[in-house]
Structures are given as C-alpha cells and as structure tokens.
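Participant: Generate coordinates for the entire structure from the input sequences, incorporating the hints supplied.
One-letter residues, chain by chain:
Protein chains: 2
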Amino acid sequence: MPYFDVASSAPLHPVARQALQASLDEGWADPARLYREGRRARLLLDAAREAAAEAVGCRPDELVFTPSGTRAVHLGISGALAGRRRVGRHLVVSAVEHSSVLHAATSYEGAGGGADGESVTEVPVDRSGAVSPAAYAAALRDDTALACLQSANHEVGTEQPVAEVAEACRAAGVPLLVDAAQSLAWGPVAGAWSLLAGSAHKWGGPAGVGLLAVRKGVRFAPQDPADERESGRSAGFENIPAIVAAAASLRAVRAEAAEEAVRLRALVERIRGRIPELVPDVEVVGDPVRRLPHLVTFSCLYVDGETLLHELDRAGFSVSSGSSCTSSTLTPSHVLRAMGVLSEGNVRVSLPLGTPEEDVDRFLEVLPGVVAQVRERLGAPVTSSAQSTAGSLIVDARGKRCPIPVIELAKVIGDVPVGETVTVLSDDEAARLDIPAWCEMRGQEYVGEEPADRGTAYVVRRLA
Amino acid sequence: MPYFDVASSAPLHPVARQALQASLDEGWADPARLYREGRRARLLLDAAREAAAEAVGCRPDELVFTPSGTRAVHLGISGALAGRRRVGRHLVVSAVEHSSVLHAATSYEGAGGGADGESVTEVPVDRSGAVSPAAYAAALRDDTALACLQSANHEVGTEQPVAEVAEACRAAGVPLLVDAAQSLAWGPVAGAWSLLAGSAHKWGGPAGVGLLAVRKGVRFAPQDPADERESGRSAGFENIPAIVAAAASLRAVRAEAAEEAVRLRALVERIRGRIPELVPDVEVVGDPVRRLPHLVTFSCLYVDGETLLHELDRAGFSVSSGSSCTSSTLTPSHVLRAMGVLSEGNVRVSLPLGTPEEDVDRFLEVLPGVVAQVRERLGAPVTSSAQSTAGSLIVDARGKRCPIPVIELAKVIGDVPVGETVTVLSDDEAARLDIPAWCEMRGQEYVGEEPADRGTAYVVRRLA
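As given, the protein sequences belong to chains A and B, one line each in that order. Terminal number for the first sequence in full-length UniProt numbering: 464, no gaps in between. Terminal number for the second sequence in full-length UniProt numbering: 464, no gaps in between.
Please note that the accuracy of each hint is not assured.
Pulled from the structure, derived: some chain A residues nowhere near chain B, Cβ distances all over 12 Å [said to hold, decoys possible]:
(1) Leu24
(2) Pro67
(3) Ser132
(4) Arg290
(5) Asp427
A partial selection of chain A residues facing chain B, derived with a Cβ cut-off under 8 Å [as the list claims (entries may be wrong)]:
(6) Tyr35
(7) His74
(8) Pro225
(9) Ile240
Label pairs and their in silico Cβ distance ranges [unchecked claim]:
(10) Thr331/B / Ala221/A: 33 to 41 Å
(11) Ala221/A / Glu357/B: 50 to 58 Å
(12) Arg39/A / Pro124/B: 55 to 63 Å
(13) Lys216/A / Ser132/B: 36 to 44 Å
(14) Asp142/A / Ser132/B: 55 to 63 Å
(15) Ala135/A / Ala226/B: 20 to 28 Å
(16) Ala134/B / Glu50/A: 27 to 35 Å
(17) Gly117/A / Ala226/B: 19 to 27 Å
(18) Glu269/B / Gln18/A: 43 to 51 Å
Simulated from the structure, these hints should not be mistaken for laboratory data. Don't be surprised by glycine CBs; every beta carbon is placed ideally from N, CA and C.
Facilitator: Shown next as structure tokens:
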C-alpha cells in the first residue's frame with residue numbers, strides 16, 4: 001500500500017525507532033537536575049544538540065529544540081521581530097510560505113491593529129512557484145525587521161533561491177529566517193541565513209520535535225513567558241527520547257541522501273514525463289529542474305480533488321491535494337493561487353526514502369483510469385472541436401462547486417463562434433483560479449471577471 | 001538506586017512504554033488527512049482524547065493536547081485572559097503557583113507595561129503553604145478576568161482548597177484555571193473549575209504531552225498564530241504515539257492510585273515523623289494532613305543544600321531542593337519564601353509509584369549521617385546553651401552564602417545576654433528568609449531588617 005505523502009509526515013525511520021527505544025530508559029529525567037538520572041538525560045540532550053547542529057550547519061549553542069516545526073517558526077519569527085523592534089516593524093515573506101509562516105505574519109500585522117506600524121510584504125512568485133531574488137531584494141526596506149523564505153516549497157517542490165536572497169538580506173542588514181522543513185533531509189541550507197526552522201517528522205524522526213537555529217549576533221528577544229529550558233527560547237520540559245531519535249534519524253537520512261536523491265529524482269522525472277502522456281488535460285506544476293528530488297504536483301482539469309483522492313486511496317495510494325474541496329475552508333491552496341496555476345483535481349505525490357520503482361509504475365498504471373472514471377461521473381467533456389452554433393453565451397454555475405464551473409465552460413465553448421465570449425457565473429472561490437488556468441491550458445482568452453448577483457462573472461473569449 | 005524526585009519527572013510507566021511502542025507504526029501520519037494512514041492516526045488520537053477526558057472529568061471536545069504542561073498553562077492563561085478582555089485585565093494567582101503560572105502572570109503584567117491596565121494580585125499562603133478561601137475570594141474584583149490556583153503544591157505537597165475557591169470564583173463570575181500537574185495521577189480535581197492544565201511526564205507518561213481542558217461556555221481566544229490543529233488551541237503537528245502513551249498511562253496510574261496513595265502516605269508519614277527525631281535542627285514543612293500522598297519537604301539548619309544533594313546522590317538517593325544555592329538565580333524557592341519557612345538545607349522527597357518500604361528506611365538511615373557530615377564540614381554549631389558574655393554583637397557575614405550567615409548567628413547568640421541583640425550583616429538573598437525562620441525554630445525574637453552598606457542588617461534579640 002504505497003504511501004506517497006512524505007511531505008505531510010514521514011513514517012518513522014528505523015534509526016529513529018531504535019534511538020527512541022534506547023533512550024526511553026535514560027532520557028526521562030529532568031536534565032536540569034544534578035543527580036545521576038538528570039546528568040544522564042543532560043548527556044543525551046547535549047549529544048543530540050551537537051548532532052543536529054552539525055547537520056544543520058550551525059554551532060550547538062545556536063540551536064534549540066522546539067515541540068514542532070510550527071512552534072520553531074512561530075518562536076523564530078516572534079523572537080526575531082521583537083529583537084529588532086527598534087529598527088522597524090516590517091516583515092517580508094514569500095507568497096508561498098507554509099501556513100505557519102503566513103499565519104505568524106497575519107498575527108503580527110493584526111497584533112497592533114497596524115497601530116504600532118506593523119506591516120507585511122508578500123513577495124510574489126512566478127508560475128513555477130519561485131521568488132525572483134531581485135523582487136525579493138526590492139521588498140527589503142530600511143524598517144524591515146525580518147525576512148522569511150522557505151528553502152523549498154512544500155506543495156510543488158520548487159526550490160527557492162535562498163543563497164541569493166540571503167546575500168541581498170545581508171547587504172540590507174536584514175536577518176533571513178529560512179523554513180527548511182521540506183529540505184533538511186536532503187542537506188544543509190546553503191547561504192548566509194540568520195535563523196532556520198525544521199521539523200523532525202518530515203525527515204523520518206518522531207513527531208514532537210522541531211528545531212530553531214539562531215546565529216550568534218542575530219538580535220533575538222523571546223516573547224513567551226520566561227522559562228529556563230532551551231536557552232529561554234522554547235518553553236516546557238524537553239522530550240529527550242524524541243529529541244535523541246530526531247537527531248539520530250537526521251544523521252541517518254543524510255547518509256542516504258545523495259544516493260536516494262538521484263534515484264527518487266529519476267522516479268519523479270518519470271512521473272513528470274509520463275502523466276501528460278497518460279492523462280489528457282493535465283498540468284504538471286512546479287519547477288522541473290530546481291526542485292526537491294522526491295516531490296511532484298499536477299492538476300487534472302474537470303476533476304474533483306476530493307473524489308480523486310478517495311479513489312486513489314481505494315486503489316492503495318495515499319497522496320494529498322491542494323484542491324479547494326479537500327480543504328476545510330473550501331479555498332484552493334494559497335500556493336497554487338500565488339502561482340496562478342490550475343487547482344482543480346490537484347494531486348501532490350511525495351515519495352518516501354526507499355520507494356520502490358514498481359510502486360511508481362503501478363501508480364502510473366492506475367492513475368489514468370481513476371481520472372477518467374471521476375471525469376465520466378462528473379459528465380466532463382471529451383476533448384473535441386465542436387462547431388460554433390450561437391453568439392455569446394452565459395453559463396450559470398452558481399451553487400456548483402469545483403470542478404463543475406470549468407466543466408460547464410468546457411462543454412459550451414465550442415457552441416460560440418471564434419471571437420465570441422462565454423460568461424460563467426460562479427460563486428465558488430476556486431473558479432477565480434481555475435477558469436484563467438483553463439484558458440491558458442486550452443489556448444482561449446481570459447477576458448476578466450466582474451461582480452455579479454450572488455457571485456462573479458468570468459468572461460472567456462473563444463480563440464480556437 | 002532510589003529515585004525520589006517524581007515531582008520533577010516520573011520514570012516511564014510500563015503501560016506508557018507499551019502504548020508508545022504499539023502506536024509508533026499507526027500514529028505517525030497526519031490525522032487531518034483522509035487516506036488510510038491518516039484515518040488510523042485520527043482514530044488513535046480520538047481514542048486518547050476520550051480516555052484523557054474521562055480521567056480529567058470533562059468532555060472530549062473540551063480537551064486538547066499540548067506539547068507540555070508549561071505550554072498548557074501558558075496557552076490556557078493567555079487564551080482565557082484574551083477571551084475576557086472586555087470584562088477586565090486583572091489576574092489572580094496564588095503566591096505558590098508553579099513558575100509557569102507566575103511567569104505567565106509577569107509576562108501579562110509586563111505586556112502592556114501596565115499601560116492597558118493589566119494587573120496581577122498574588123494571594124498569600126499560610127505557613128503550611130495553603131491559601132485561605134476567604135482571602136482568595138477577597139482578591140476577586142469586578143474586573144478580574146481569570147483566577148489561577150494549583151490543585152496541590154509541587155514543592156511542599158500541600159493541597160489547595162480548590163473546591164471552595166472554585167465556588168467563590170463561580171459566585172463572582174470569574175473562571176478558575178487549575179494547574180493540576182502534581183495531582184492528576186491521584187484523581188480528578190474536585191469542584192467547578194473552568195480550565196485545567198496537566199503534564200504527562202509527571203504521571204509516568206512520556207515527555208512532550210500536556211493537556212488543557214476548557215469547559216464549554218468559558219470565553220477563550222487563542223493568542224498564538226492561527227493553526228487548525230487541536231481546535232486551534234495548540235499549534236503544531238500532534239505527537240500521537242506520545243499522546244496515546246500519555247492517555248494509557250493516566251488510566252493505568254489511576255487504577256493503582258487508591259491503593260498506592262494509602263501505602264505512600266504511610267511511608268511519607270514515617271519520614272515526617274522520624275526525621276525530626278533523627279536529625280536535629282530540622283523543619284518539616286507543608287500541611288501534615290491536606291497533602292499529596294507521596295511528597296514531603298524538610299529543611300535542615302546550618303546545611304548547604306547543594307552539598308546535601310550531592311552527598312545524597314553519592315549515597316544513591318536522587319532528591320531535589322528549593323535552596324538558593326541549588327538554583328541558577330541564587331534565590332530560594334518562591335514557595336518556601338511565600339510560606340516564610342526555612343530554605344537552607346532544603347530537601348524535597350517525592351516517591352514514585354511502587355517505591356519499596358526498604359528504600360525509605362534506607363533513606364532514613366543514611367540521612368542523619370549525611371547531614372551531620374555537611375554540618376561538620378561547614379563548622380555548624382552544636383546545639384548548646386552558651387553563657388552570655390557581652391552586650392549586643394554585630395556579625396559580618398557579607399560575601400558569605402547560605403547557610404553561613406545563619407551558622408554565624410547561631411554561633412554567637414549564646415554570647416549576648418538575654419534581651420540583647422545580634423545584628424547579622426549579609427548580602428545573601430536567602431538570609432532574608434532563613435534568619436527569621438531560624439528565630440522561629442529557636443524561640444528567639446526576629447526584630448527586623450534595615451539597609452546596610454553592601455547588604456542588609458538583620459537584627460535578632462536573644463530571648464532564651
């Protein structure tokens with residue numbers, strides 16, 4: 001039963017399991033105590049910190065353990081912003097950061113109600129999901145307290161130009177926090193970053209362990225209530241057995257990383273190449289070259305993401321999706337939106353270490369049938385060159401959710417003459433992203449949107 | 001090698017270990033995902049929540065898991081204060097709360113610099129360490145947003161009158177947050193509390209798991225950046241194997257609780273009774289009756305706490321201390337200070353479940369010799385009735401740390417006539433607590449303190 005969602009959480013690495021079990025007997029006591037059980041716990045904690053720091057590429061006294069990657073991000077952002085409060089209250093983030101970064105930014109901007117001058121700039125990304133170093137540099141200001149950039153995107157795998165952005169930040173005197181959650185298994189983050197956050201369960205360590213590195217010299221003022229643990233940077237009793245397992249497994253995956261990267265890169269390459277051949281009306285998104293080795297994302301026109309995930313699960317494949325109908329908010333992934341790519345029928349495949357080639361081949365065998373079946377059930381159009389029969393048309397798709405509005409559009413586009421328009425009325429948030437994306441894929445012209453009674457009118461001109 | 005510091009952290013309960021290992025294979029995936037691995041993780045999490053809620057005495061949807069007891073306290077206090085911001089900005093705590101509560105209070109008071117009217121009232125305790133329900137009730141005001149009271153004290157074991165205080169809070173319309181970290185192993189907290197915090201590694205669960213219960217109807221506004229996990233009340237990926245182990249071990253210790261409480265209570269009774277017989281100049285502190293079954297604290301005059309802990313460790317006993325010289329801040333425990341009891345030579349003994357009687361007897365055999373040896377090394381006075389030889393005396397103990405100032409005082413008290421005074425000059429913070437405590441133990445009169453050059457002058461009148 002292939003699990004292809006390691007970007008959400010990786011199964012426990014055998015080394016992590018071994019280290020966890022071995023340290024349950026030695027690591028339960030309070031490492032701040034001076035008696036033997038405390039001293040033993042302290043030794044384990046110190047050794048884990050050294051190992052993790054080496055893998056991250058920092059000094060042990062620059063690294064603290066947190067209860068999760070999310071907490072590492074929250075603590076890192078709030079501490080760095082507070083440490084540079086006198087410099088200014090401007091925060092720069094990319095538009096495709098993990099929600100933990102974007103929510104911290106929203107919380108910061110909302111905290112003073114803007115009254116204290118807190119502001120956030122989101123740097124946009126291109127269609128591949130990457131920021132441009134020049135655009136990022138242009139967003140830095142005299143009052144910028146902190147800049148954040150992920151090492152690689154968690155939904156589409158695109159690597160960000162961290163080293164170039166770090167250099168621009170250094171030149172501007174702005175600390176850069178790198179969310180390295182998706183890439184730490186593959187190697188240290190290059191470039192002169194100032195703060196770095198990671199999450200153990202993404203690399204095969206146990207849940208409950210994140211890490212936050214803060215380079216010496218970076219101004220940092222923890223904002224939580226005082227606590228003597230972890231240099232005052234992460235409150236609460238340390239989970240030492242899990243920390244030991246996290247550090248041990250990071251070393252272990254790093255030892256396999258170079259070889260596995262080559263092997264998984266080739267498997268992902270196969271998926272990237274074969275899917276457009278096997279499945280009609282599909283868009284593979286994310287940078288084809290500057291990307292994580294193990295992750296690929298694609299979107300299928302005329303497909304409901306939730307049904308697709310469900311059918312793939314029935315067929316034995318566990319994958320995730322950024323489609324709106326698989327999210328609790330019914331809005332498409334902010335990453336796909338920022339990239340301006342199709343969100344309907346979205347599937348993210350992220351391969352665990354050691355994924356057998358056969359599993360990938362089997363996935364490629366199964367996928368076309370599953371997609372076709374979902375499309376058939378939804379009454380999706382078969383690609384054809386219909387004859388024009390009428391003037392402009394209006395399609396009322398209000399009250400219908402993704403992918404129905406796009407399916408309705410595709411069904412009637414052939415009914416209007418070339419040069420005429422189809423207007424789709426829709427109250428589904430995903431339409432705003434998916435109708436323009438459909439036009440791009442189909443070679444039709446997206447004219448624009450305007451408010452309509454109970455929804456929005458999306459206007460498309462037939463070109464072909 | 002007896003470990004007598006379960007109040008700091010308990011060894012992993014066998015049931016916790018078993019549950020942890022059993023759920024490593026099923027509990028690593030993201031419980032928010034719809035595929036089979038996610039559904040399995042969700043089932044484990046839901047079952048653990050039900051078990052923990054039953055043990056706490058609340059509904060499952062009132063309980064969230066946090067990464068530690070400290071985080072449960074921080075999140076509970078900040079969320080409850082923010083939820084009632086319109087009512088007021090006054091917080092009530094007892095003077096002997098755990099540092100996580102007191103630090104959250106300090107952080108709250110400091111946050112607006114008092115500019116937004118945040119204020120904190122600390123309710124004092126009596127010499128046994130308990131608040132009076134009447135005094136607590138008197139501290140509640142119209143603008144009180146939240147009140148906090150521990151179920152039992154972590155340093156001296158005294159149980160607080162939670163049910164009575166909860167009733168006073170209910171009458172005043174103020175929610176009460178109970179820090180139940182020390183007592184949850186022994187049973188649910190009685191009374192109409194509104195919020196409750198706990199910590200799994202205190203009851204034999206793994207580190208990395210705390211719990212926060214918020215009763216339906218309590219206004220609560222989480223203050224961290226938004227996160228969809230744990231009802232938006234505790235950010236970060238859930239550590240499900242540890243949560244499963246925490247819930248399973250809470251049930252397991254509860255099954256043993258009634259019987260073990262009787263057995264350990266008798267062992268603690270033995271320690272409480274025997275120590276004053278075996279060790280001269282000792283003060284057993286905390287309520288002798290309304291107390292945790294497994295915990296006892298005493299202080300030894302003329303003894304340096306750090307040396308005592310070190311010697312007990314050499315003799316095979318792991319205990320902790322609230323003495324100033326064992327703390328990083330060189331100030332005595334705020335609990336002992338609030339009680340007004342002796343802090344020098346302080347030892348806390350907290351017995352794990354299943355502690356054999358022989359270990360306690362062996363401790364009682366070893367302790368008198370260890371104390372005597374430490375005293376001898378420090379040149380402590382042997383209790384005697386010295387003759388008066390002079391008028392008032394001044395002892396300069398500046399630059400000398402606890403217990404030396406008290407030792408110097410004790411050495412010369414017999415040198416002044418009854419009715420005359422000894423003035424001790426000291427710059428050690430512990431003297432402020434320990435000189436009055438010595439007077440109380442010795443039947444001498446503590447006249448008072450006044451500022452002196454480089455320190456404080458403590459004046460004692462000889463009565464006997």
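Participant: Is the Cβ of Ser132/A farther than 12 Å from every Cβ of chain B?
Facilitator: holds, 27 Å
Participant: Quick check: does the Cβ-Cβ distance between Ala221/A and Glu357/B fall within 50 to 58 Å?
Facilitator: Since the Cβ atoms of Ala221/A and Glu357/B sit about 51 Å apart, the hinted range of 50 to 58 Å holds.
Participant: Report holds or violated for the interface hint on Pro225/A, using the least CB-CB distance to chain B and a cut-off of 8 Å.
Facilitator: This hint holds: Pro225/A lies near chain B, its Cβ roughly 4 Å from the closest one there, short of 8 Å.
Participant: Find the nearest Cβ of chain B to the Cβ of Arg290/A and say whether that gap is larger than 12 Å.
Facilitator: holds, 27 Å
Participant: Please test the hint of 20 to 28 Å on the beta carbon pair from Ala135/A and Ala226/B.
Facilitator: With a Cβ separation near 27 Å, Ala135/A and Ala226/B satisfy 20 to 28 Å, so the hint holds.
Participant: Next item in the hint list is Ile240/A. Is there a CB on chain B closer than 8 Å to its CB?
Facilitator: At about 7 Å, which falls below the 8 Å cut-off, the nearest Cβ of chain B leaves the hint on Ile240/A intact, so it holds.
Participant: Checking the smallest CB distance to chain B, is Pro67/A really beyond 12 Å?
Facilitator: Its Cβ does come within 12 Å of chain B, the nearest being 3 Å, so this is violated.
Participant: Holds or violated: 19 to 27 Å for the Cβ distance of Gly117/A and Ala226/B?
Facilitator: Holds, since Gly117/A and Ala226/B (Cβ atoms, about 22 Å apart) stay within the stated range.
Participant: Measuring from beta carbon to beta carbon, are Lys216/A and Ser132/B in 36 to 44 Å?
Facilitator: With a Cβ separation near 50 Å, Lys216/A and Ser132/B fall outside 36 to 44 Å, so the hint is violated.
Participant: Glu269/B and Gln18/A, beta-carbon distance inside 43 to 51 Å?
Facilitator: holds, 44 Å
Participant: Evaluate the condition: distance from the CB of Asp427/A to the nearest CB of chain B exceeds 12 Å.
Facilitator: holds, 24 Å
Participant: Grab the minimum C-beta distance from Tyr35/A to chain B and call the hint holds if it beats 8 Å, violated otherwise.
Facilitator: This hint holds: Tyr35/A lies near chain B, its Cβ roughly 4 Å from the closest one there, short of 8 Å.
The structure does not agree with the numbered hints 1, 2, 10, 12, 13 and 16 stated previously, though it agrees with the rest.
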